[in-house]
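Modelling step: build the complete structure from the supplied sequences, incorporating the hints.
Residue numbers (our numbering), protein chains in the order written: chain A, 1 to 179; chain B, 1 to 262; chain C, 1 to 366.
Heads up, some of the hints might be wrong.
As the list claims (entries may be wrong) - Just some of the chain C residues that point at chain A, by a computed CB distance under 8 Å:
no., residue
1, R3
2, I4
3, M176
4, E181
5, P183
6, T282
7, E284
8, Q285
9, F306
10, T354
Said to hold, decoys possible - Pairs of lysine-lysine, DSS-like flavour, derived with a Cα cap of 25 Å:
no., chain 1, residue 1, chain 2, residue 2
11, A, K156, C, K43
12, B, K40, C, K43
13, A, K156, A, K117
FYI, nobody ran anything at the bench for these hints, they're computed from the structure. In this text, a Cβ means the ideal position worked out from N, Cα and C, and glycines have one as well.
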Amino acid sequence: MRHEVRFSGFGGQGIILSAVILGRAAVMYDGNYAVQTQVYGPEARGGASMSAVIIDDQPILYPKVTNPDIFVIMSQEGFEKYGVHAGEDAVMILDSSLVQSRPRCRYIEIPATREAKQTLGRDIVANIIMLGALVRTTGVVGEEAIEKAILDSVPKGTESLNLKAMKLGFELAKKEDIT
Amino acid sequence: MTYTEWLREDRLPHIYCAGCGNGTVINCTLNAVDQMGWKKEETVFVSGIGCSSRAPGYIMTDSLHTTHGRALAFATGIKMASPDLNVVVFTGDGDLAAIGGNHFIHACRRNIDLTVVCMNNQIYGMTGGQGSPTTPMGALSTTTPYGSREPTFDLCELASAAGANFVSRWTSYHVKELTRAIHNGLKTSGFSFIEAAVQCPTNYGRRNKFRQVMDQIEYFKTHAVLQQKADRLREEGKPLPENSIVVGEFVHRNRPAMGVKR
Amino acid sequence: MTRIDFMQGNTACAEGALAAGCRFFGGYPITPSTEVAEHMAVKLPKLGGVFIQMEDEIAGIASVIGASWTGVRSMTATSGPGFSLMMENLGFAVMTETPCVVVNIQRGGPSTGQPTMSAQGDMLQCRFGSHGDYSIIALSPASVQEMYELTIRAFNLADRFRVPVFLMADEIIGHMRERIEIPDSVPREERRLLDKGTLPFHAGSDLVPGFPQFGKGYGVHVTGLTHDERGYPCTTSPSVHEELVKRLVAKVESARDEIADYRVTNPAAEVVFITYGSPARTVEQLIHDHPEAKIGHLRLRLVWPFCEKALGEFPDARVFLVPEQNLGQMAREIERHTSVPVVPLPKLGGALHTPGELEKAMEIWR
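Here it is as structure tokens:
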């Protein structure tokens, strides 16, 4: 069942945290194996940030993503650098409020940043909306598992906001059809 | 106190040249430690490289003779890991102010509970007399054969500015004052720095018009200016006499310190 | 009962150190090792330990050596340039027989090189980087689990042999997160204290003297100068120096088979990969993907002292292929110990060898 999930956006969006939460959900709450890796550059904010998670029910040997089947893309630059070559069998969850291009593979448009701002009043949780949408769309980890992993990982006092974001992601993914 | 209580007799005679000032400083330090009533098993001497740094090897306590310039970093590890130990560092001008300069200012900044005794002979004695950061302008050494052209460090000003709780300077002529200063340093919580100007007849005096051992000690006696007098002269707008060595207690304060016995 | 967690390699290293009883960390932040220090900074004060950020790596390892002499398990973590700065004091630790653990999360060099990219370019530096003849122990983890386990082993080996022990990880293993099983208790081998009445640097048949811990009344003089069994400087006697240095080397080298730590896959293989660190993961993938090919794999968990006995596990080997993130550092060592051809498969730049690349390299020899 090996899945390779690649997240990309700009630094500061929580791209790496998203990948860590996903890996944690798989390992801690689904009883699977996961490896999370990332590209580190010198910049802490801005730039194209990338992180990846491999999820498998077997121990993961080669730890690097070679052919991602799932993409979560949250910036135009991230799309151009890490999403544009997505294989035709892949599925892409893209933040339609920030990504203008569309891939050749199947994709689902989630206006995560806009919804985070307008519905939840905090654009910082856009990545959690994307995580919710990713899980609802692909089932790569369980919905209970992602909820627990989010609660493990977000700062104290922000739990309910983040759970709202996750649920909003679930709903947005339900409403949209994959094209 | 007699020397047999603190020195390893099986290591004597020591390597110091006849007339060297280091023995006086070791003597003053051990007297001060003895006055503290510190037990040997709870006292550690640490040093780097150079003539001064051979001192711990002659003392009966646990001692760590480390790499050049790094004694304060080693001592920091000892004191932070085991604050119940009393840690005294012997160092010299080259060890402390040249290769170890960065560790010196950071140990002062941390105000770590060490007592550091610097034997400042203004030269690299052990290696045959090369210039150091305290070699006076114009002085001759094997690497300043035409007279040093570099300004010197004032080690006490450095320690004061960097945050040490206790800073004092004396010379090998001022045995009682030096012993008292070291004792005060040992008593002070935080970083205590005592600079002792010492004669190096072999590698400094010989090249710089101190033909006899007593010449340089006489120089210390005649050129030492008490800090209070120096302050008074400054207030009166008068210059200090040329080549003055300002001596006394420059800093004695109680800033927050690290590694203090719990 | 073990506890499952999802953890970064560097964090697992710090957790392993804490489980091993490490209570002093002195270091300086440097990518890609910084998370080790950061985790120690969070945890050590809560455990009654000491974390101190020193002014540079020279001071970092110096503080670790000082702390170790007071009987506290101590370590530092660094990378590339910081590792270079530590070299002189590491020689001091060797000469004074100070137990300490040095973690190196290797990045691309020389110089500042590639701070955020993986490499294995310091494998010879950890063995030979300080001046003079000596021997040390180095371990190399290939998973987050091994970052934990081998850090613990590093402390036990350091205390037993009184040498610096290196955890030679790479950026890939240090920075990736994966599943880890944390046991309730971990093996612990204590530092043997010096028997009173014995000279402090007199060693018995195991060549390791008892430890005269500071503050216990031993009154020991410890110096980086050549010293006799009393610990006193003795710098002009050829025999004292020769005996000391030979013992420092022999105490490690004579134990190489006993402390050897490696994994063997398909011992009847003719084509055999030898790996340590992250390239091991690529070879494991290759073996998994081609079970019929019976690919041999010798995976070194303990790299120094190199255990030549391990090569004998593959009696039919026609070639040893050695993928490394350097230009063939361990391949060079392996070559010294075998008549079987040794082929380095170097890769620089930070990316991990892919299974495809290694498959291609292997095909030439089949």
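To see whether the hints hold, each was checked on the structure:
no. : hint              : result
1   : R3                : 10 Å, violated
2   : I4                : 7 Å, holds
3   : M176              : 5 Å, holds
4   : E181              : 11 Å, violated
5   : P183              : 17 Å, violated
6   : T282              : 6 Å, holds
7   : E284              : 4 Å, holds
8   : Q285              : 4 Å, holds
9   : F306              : 25 Å, violated
10  : T354              : 7 Å, holds
11  : A:K156 <-> C:K43  : 19 Å, holds
12  : B:K40 <-> C:K43   : 34 Å, violated
13  : A:K156 <-> A:K117 : 21 Å, holds
Violation of the numbered hints given earlier is confined to hints 1, 4, 5, 9, 12; the remaining hints are satisfied by the structure.
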